[in-house]
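Here is what each chain is made of, one letter per residue.
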Amino acid sequence: MDFSFPKEHQLFRRMVREFAENEVKPLAKAVDREHRVPLETVKKAAALGLMGVPFPQKYGGMGGGEMGYCIMMEELGRICTSTATVIGAHTGIAAMSIYLDGTEEQKQKFLTPLASGRLIGAFGLTEAQAGSDAAAIKTTAVRDGNHFVLNGAKVFITNGDIAGIMTVMAVTDPSLGAYGGITAFVVETDTPGFSIGSLENKMGIRGSSTAECVFQDVRVPKENVLGQFGAGFLTFMKSLDIGRASLGAACLGGAQAAMEGCMEWTMAREQFGVPVATKQSVYFMIADMAAEIEALRSLIYRTAWLIDTHQPHIKEAAICKLYGSEVASRCIHKAVQIHGALGYSRDYWVERAYRDARISEIFEGTNEIQRIVLASNLFRPYGLRIPS
Amino acid sequence: MKIIVLIKQILDPAGILVRRDKEKMFINREEYILGPDSKAALEATLRLKDAGGAEVIALSMGRPRAEDALREALALGGDAAYLLSDEAFDAADIPVTANVLAAAVQKLGGADLVVAGRESGDTSAGQIGSRVAEALNYAQVTDVHVLTGEPGAIRATRRWGGGYATVQAMLPAVVTVAREAFPARYAHGARIMNAYREWQVTTWNAADLGLDEAALKPLLAFRGESFPPPLPVGEQVKGAPASAAHELITALKLQKVIG
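From first to last, the protein sequence lines stand for chains A and B.
No gaps in the numbering here: position 306 of the first sequence is 306 in our numbering, and each next residue is one more.
No gaps in the numbering here: position 161 of the second sequence is 161 in our numbering, and each next residue is one more.
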């Protein structure tokens with residue numbers, strides 16, 4: 001077993017860390033306050049290949065694989081969860097769904113502009129009545145000659161209002177259900193009939209946009225069917241499976257930042273005449289953070305390796321998301337405690353990190369859904385089916 | 001224009017803890033990086049390449065691990081990379097290092113321009129550029145803050161007394177650049193991947209360069225190391241921010257630190 005990172009990935013991490021520290025960090029507080037997407041950062045990231053890290057270079061990607069992608073997400077998560085969310089939804093699920101199930105032609109046409117960052121991607125799954133129960137979607141796609149006509153509305157779509165390309169899941173045969181009755185489509189958002197409804201006013205990740213996307217007689221050419229006709233649910237689930245590893249990586253970065261911030265603060269902050277880092281009640285909390293972070297790091301990069309070497313990874317990726325988001329939340333919860341009143345102040349980064357962390361237990365499959373995925377995979381070999 | 005950039009891999013200073021009370025340096029994290037002055041030299045060169053086109057060759061003398069610094073140079077935009085590595089170089093002092101680098105420049109067929117950092121990020125001798133220029137009999141401009149290419153020449157703005165002077169040097173020339181004047185770009189991620197997977201670093205040893213034992217004999221002998229005396233604490237300006245700032249600026253102007 002060799003647990004060392006390849007040298008190109010080590011150098012890549014240094015580059016991304018510098019990028020995050022110098023370009024992302026100065027905006028992190030402002031984009032949260034102003035509730036705006038840092039598009040200027042997205043542009044800079046695109047110029048460095050950061051909008052297509054896992055994809056092959058022949059599709060405009062960076063060629064960094066899932067490992068490279070997790071490294072970037074960890075480094076971005078360490079500095080700004082909003083920026084990680086914008087780039088993560090674009091790369092990890094939107095572009096990923098085209099990379100996984102797109103035809104060669106679709107990859108050239110849609111993945112290339114996404115991976116090179118010329119266009120931003122969004123992943124259109126969630127609907128008002130279909131969150132955890134993803135197969136309950138109501139958006140329909142009806143064949144009309146060489147086109148499909150889409151009608152319906154997607155909600156809570158990250159990047160929805162800034163996306164040029166959106167992958168969308170729609171019902172093509174209500175009688176067939178999730179497997180057979182749902183098809184995935186690539187929708188160019190300048191297609192007539194596509195519009196943005198309301199934008200969410202969120203608790204955290206306020207430097208990312210979350211939009212309602214409305215489809216009113218949106219005509220999509222039949223060439224834009226993504227994957228097998230009727231197998232869209234599988235395409236979307238596969239994309240989410242992979243996306244969970246990198247989401248966990250962003251959580252790893254958030255947890256790491258919390259620990260680093262606590263160490264810095266507790267070495268400088270003196271109470272009772274000594275740095276508070278020397279108090280057992282404080283350093284025990286930091287030691288607990290370190291233990292969980294190290295376990296998470298091993299989990300994330302082993303899962304990335306499973307994905308890059310084309311091995312089964314569904315269970316591990318679900319654990320990355322489940323454990324990662326909970327480790328991040330626990331670490332940041334402790335960070336608020338350690339920083340005391342300062343940690344509760346809106347002027348300090350800890351408060352933002354606390355709000356930002358909460359979403360990771362919810363989006364891209366709630367942690368309860370992850371437990372279902374996990375239990376299903378555990379019991380399936382014994383012939384026991386876990387109902388959703 | 002053919003430009004050879006001299007670069008150096010250094011121990012990352014961020015991984016070093018200095019304990020003045022114990023007169024000791026502790027290495028917490030042994031990681032080697034492309035030195036910031038070398039990065040500035042590369043940046044100055046790549047700007048010339050962006051402006052008028054150039055072939056950029058990165059050259060480094062070092063241990064085999066210095067290959068990583070050369071690959072980083074390729075990732076940043078270099079076209080070729082050469083590592084000068086030999087156990088016989090281990091005892092090299094500054095004059096020997098300059099001779100080895102000059103021999104490699106000659107083996108590469110010379111250059112229109114050789115660019116180096118003003119000093120290295122570790123030993124900070126600040127002599128390599130000048131010594132290489134002397135060995136090659138090239139013109140030299142040191143401590144350069146602005147650098148542009150002209151037909152058959154370069155125009156450089158360098159520190160001069162309390163201000164700056166702009167000079168022209170006919171090619172071939174050596175310039176050393178100021179770290180603060182050329183903040184480095186980020187390498188494109190795909191170039192980082194390709195720097196390790198696709199591109200090569202050529203390694204030359206002493207024999208390849210035709211250097212014998214006499215050419216590698218150091219002039220300096222290492223006698224030990226000690227900490228410099230602590231710097232005296234300067235004058236402190238106190239008071240309300242506005243008045244303190246005014247007082248500070250006045251003091252700096254009087255001492256001609258700022259104009």
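Take these hints with a grain of salt, some might be off.
[Claimed, not checked] Some chain A residues close to chain B (C-beta under 10 angstroms, calculated; not the full set):
(1) M1
(2) H9
(3) E18
(4) E23
(5) P26
(6) L27
(7) A30
(8) A47
(9) L50
(10) V53
(11) M72
(12) G152
(13) W305
(14) P312
(15) I314
What the hints contain is simulated information worked out from the structure, not anything from laboratory work.
Ideal Cβ placement from N, Cα and C applies to all residues, glycine included.
Verification of the hints:
Below 10 angstroms, beta-carbon pairs count as interface contacts, and M1/A has none with chain B, the closest being about 21 angstroms; its hint is therefore violated. A hinted interface residue such as H9/A counts as satisfied when its beta carbon comes closer than 10 angstroms to some beta carbon of chain B; here the least separation is about 9 angstroms, so the hint holds. Hint on E18/A holds. Least Cβ distance to chain B is approximately 7 angstroms, under the 10 angstroms limit. For E23/A, the suggested interface contact is upheld, since its CB lies about 9 angstroms from the closest CB of chain B, less than 10 angstroms.
The closest approach between the C-beta of P26/A and any C-beta of chain B is roughly 15 angstroms, which is over the 10 angstroms cut-off, so the hint fails. A cut of 10 angstroms between beta carbons decides the hint on L27/A: the least distance to chain B is about 16 angstroms, and the hint is violated. At its closest, the beta carbon of A30/A sits 22 angstroms from a beta carbon of chain B; the interface hint therefore is violated under the 10 angstroms criterion. Interface hint status for A47/A: upheld, as the beta-carbon distance to the closest one in chain B is roughly 8 angstroms, under 10 angstroms.
Evaluation of the L50/A hint against chain B yields a held restraint, the C-beta minimum of about 6 angstroms falling below 10 angstroms. Interface restraint check for V53/A: the shortest CB-CB distance to chain B comes to about 6 angstroms, inside 10 angstroms, so the restraint holds. Annotation: M72/A was flagged as interfacial toward chain B, and the flag holds, the nearest CB pair being 8 angstroms apart, inside 10 angstroms. Look at G152/A: its Cβ only gets to about 37 angstroms from chain B, farther than 10 angstroms, so that hint breaks.
The restraint placing W305/A at the interface with chain B is violated, with a minimum CB-CB distance near 17 angstroms, outside the 10 angstroms limit. Violation of the interface hint for P312/A is found here, the shortest Cβ-Cβ separation to chain B being roughly 26 angstroms, above the 10 angstroms cut-off. For I314/A, the shortest C-beta to C-beta distance to chain B is roughly 27 angstroms, which exceeds 10 angstroms, and the interface hint is violated.
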